[in-house]
Every structure is written in C-alpha cells, then in structure tokens.
Amino acid sequence: MTMHPPTGALISLEVALAALLSGLVPIAPRPEPLDRTLGRVAAAMPASLPALPLRDIAAIDGWACCSLDLVGASAYSPLALPTVPARVEVGDVMPTGSDCVLQDDLIDCSSPIILAVGEAAPGQGVRRVGEDMTPHRPPVLEGGIIGAADLLIARKAGLSQIPVRSPRVRVIDVASVNHETFSTRLVAECVMTSNATIVAIETASRDAPSIAAALAGEVCDLLLLVGGTGAGRLDATAEALMLSNALIAHGIAMRPGDTTAIGRLGSTPLVALAGSPDHVFAGFLAFVQPILDRLSGRSKRVGTTLPLSRKIASKVGLSEIVLLGREQAMWTPLAVGNFSLEAMRLADAWLAVPGDSEGYDVSTSVTAMPLRNLN
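Residue numbers for the sequence shown, in the working numbering: 26 to 400.
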C-alpha cells in the first residue's frame with residue numbers, strides 16, 4: 026500500500042495512521058512467569074478460577090465460635106459456652122460448626138468454665154467462600170494492564186504463569202553526524218514503558234544502501250528508525266525505504282514530526298522518526314503508541330476531560346500535537362507544535378488538534394491522554 030504524496034505535499038495524520046493500522050491484528054500471546062508480567066497487557070484466559078477463598082477463613086485473630094451460642098453475651102451478662110472455642114489466626118480455615126470469630130478479649134478463659142463476654146453476628150470476623158472472587162472468573166482481564174492486584178489473585182489461585190502480549194520492537198539508529206543517540210534512547214525508553222520489548226538497537230550508516238541492509242535484520246513486530254528523514258544532504262532514510270519497497274508515505278501533516286515516514290516491511294509496520302527529540306516524542310505518541318496498543322490487544326485508552334486554562338491556536342491543515350499540564354482541574358497548554366525539553370518533562374498529558382481545526386478557545390473542555398505513565 027504505497028501512497029507517496031506529490032513533491033511538497035503532506036499526508037494527513039489520520040490517513041497515515043489508518044494506513045499503518047490497516048489489517049494489523051494482535052500478536053500471538055505467550056505465557057510468562059508471574060514476576061515478569063507486571064505492567065504487561067494480559068491476553069485472554071479461560072474463566073476457570075475457583076472461588077476465592079475456597080473455604081471460609083478467619084479475617085481476624087481470635088476465637089472461632091457459633092454465633093447462636095453468643096446471643097445476649099456481654100460483660101454484664103457473660104454466657105458459658107457449651108464447647109471450648111478454637112483459637113484461629115487470619116487466614117486459618119474456619120472449624121466446622123463455627124460461623125464467626127470473636128476478638129481475644131471477648132472470651133474469658135480464666136476459670137474452668139469458658140465465658141463469652143461479647144457477641145458476634147454470623148460472618149463477623151470471617152471471609153466467606155467467594156467473597157474475594159466468585160467462581161468461573163478469568164484470572165486477568167484481556168486487554169488490561171496487569172497490576173499488583175491481578176498478580177495477587179493469580180498467586181492465590183496457584184497460577185505460575187499468565188499469557189501476555191508484548192510486541193517485539195527493533196530500533197535502527199541512523200547514525201547522526203555527531204554520533205548522538207539521545208533521541209534513539211528516548212524512543213527505546215518510551216517503547217519499554219509501553220508494554221513492549223526491545224529486541225535490538227542497531228546503528229546504520231546514513232547512506233540508503235546501508236539503511237536498506239539494516240532493515241533486513243532480526244524478526245520483530247514493529248520496526249522503528251530514528252534519523253535521516255529530513256531534506257538534508259545526508260538524509261536518506263526515505264530513499265532506503267523506497268529501495269526496500271517498504272515506504273507508504275513520507276511527510277505527515279503534523280507538527281512536530283512533519284518529516285516522519287511510515288511503511289510496511291512485508292507485514293511488519295515501520296515508522297521512521299526524525300532525529301530531534303521533539304519530533305521523536307510526537308511521532309511516538311501519534312504513531313508508535315497506537316501500533317503497540319493494536320499489536321498487544323490493549324483495551325482502548327481513556328483520556329481525561331478538563332477545561333482549558335488558555336486558548337490553543339492551531340494552523341489549519343496541520344495536526345498539531347499539544348503538551349498539557351494539569352493545574353487546578355484544568356488543562357494548561359505547555360507546548361503547541363514545538364516542544365522544548367522542559368515542556369516534555371513537565372507535561373501530564375497530550376492531545377492532537379485535528380488538521381481541520383483552528384484550535385480551542387479558553388475554557389473549552391478537551392480530552393487529553395495521560396503521559397506520566399505511558400503504558
């Protein structure tokens with residue numbers, strides 16, 4: 026699917042992203058040990074968990090009693106118990122015939138006759154069967170980010186593995202003239218915080234044949250290139266993609282990131298990002314993150330809607346990426362179409378102004394996607 030624009034023309038962000046996502050499906054899941062799944066995207070699991078807990082267990086330390094034996098007991102009217110209650114601690118299985126746990130100081134064992142000086146309702150101090158989780162539920166929710174509570178349930182259920190989808194990403198650094206790798210490291214770190222695995226970071230010389238040769242490397246689910254996408258004398262990334270019959274489009278109507286190139290190498294999606302950090306960051310948000318979400322089968326991201334503290338002015342014809350800070354239940358624009366490193370560091374969220382919009386007036390409610398936790 027090649028849609029090279031005419032010289033000087035730019036492909037809209039929406040069209041470019043649709044071309045990248047077209048036909049893209051979640052990768053096959055693979056089982057991982059529990060201690061390697063935190064923050065990953067869960068794949069489907071059979072709804073086969075037993076009830077948790079499997080049996081009634083003590084929720085407090087104390088005495089396991091039958092609530093009927095305690096009716097009316099108080100410090101002023103203690104009741105003699107027909108049998109000696111069992112001492113239980115948190116997590117112990119409740120003895121047969123007991124349905125509550127009485128606190129330590131409510132049982133008087135100082136004389137041969139065991140006295141109750143307090144009462145309890147059925148189930149008091151007890152965690153009932155299925156109270157933590159009803160039976161026939163999946164251990165994790167497909168498409169969700171696995172958290173500490175998910176792992177707790179999995180361990181309680183006796184599981185040792187969970188199937189996850191973690192796309193394999195290969196990064197090619199198109200070596201800059203001064204050999205800086207700041208932007209390559211930035212995109213790699215963004216990828217790793219987005220539930221994906223970096224399988225390789227390689228360096229290619231800036232000529233088209235060298236870049237094209239680097240494309241044919243280790244198998245991956247997403248291929249990223251950093252650098253060489255502009256119109257400079259030594260910029261040859263787009264030419265290399267054409268040589269490899271991989272180019273879909275070069276030049277996106279977005280800012281930052283207008284020199285981004287997108288493509289497919291066989292069935293593998295490919296994004297070539299400009300070498301400057303702000304272009305890399307914008308390209309990651311606009312293209313890389315949606316691809317990773319599709320490949321991992323991640324549930325749809327949910328943004329936060331707040332009014333703007335200041336107007337956002339945008340140029341019609343360009344999708345401008347906006348970085349936002351959250352201040353007193355409002356979104357404050359920090360950068361529009363041109364990011365300083367400070368704005369990237371301070372931003373709490375982002376949004377893309379559509380290409381057919383002039384922006385948003387002050388107090389307009391807008392929905393922005395969180396940045397503090399990219400996953």
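Some clues are possibly wrong.
Pairwise CB distance ranges (calculated) [unchecked claim]: (1) G255 x S73: 29 to 35 Å; (2) A53 x L177: 41 to 47 Å; (3) K325 x S365: 18 to 24 Å; (4) T392 x A146: 54 to 60 Å; (5) A53 x D157: 29 to 35 Å; (6) E243 x K325: 27 to 33 Å; (7) A146 x R397: 41 to 47 Å; (8) D86 x G328: 15 to 21 Å; (9) A72 x E243: 35 to 41 Å; (10) E227 x D86: 29 to 35 Å; (11) S365 x G255: 15 to 21 Å; (12) D86 x G122: 43 to 49 Å; (13) A256 x F207: 44 to 50 Å.
Just so you know, these hints were derived from the structure itself, not from any lab.
Where a beta carbon is used, it is the ideal one built from N, C-alpha and C, also for glycine.
Each hint, compared with the structure:
no.	hint	verdict
1	G255 x S73: 29 to 35 Å	54 Å, violated
2	A53 x L177: 41 to 47 Å	27 Å, violated
3	K325 x S365: 18 to 24 Å	30 Å, violated
4	T392 x A146: 54 to 60 Å	47 Å, violated
5	A53 x D157: 29 to 35 Å	31 Å, holds
6	E243 x K325: 27 to 33 Å	30 Å, holds
7	A146 x R397: 41 to 47 Å	44 Å, holds
8	D86 x G328: 15 to 21 Å	45 Å, violated
9	A72 x E243: 35 to 41 Å	36 Å, holds
10	E227 x D86: 29 to 35 Å	58 Å, violated
11	S365 x G255: 15 to 21 Å	20 Å, holds
12	D86 x G122: 43 to 49 Å	19 Å, violated
13	A256 x F207: 44 to 50 Å	21 Å, violated
Hints 1, 2, 3, 4, 8, 10, 12 and 13, counting from the list given before, are not met by this structure.
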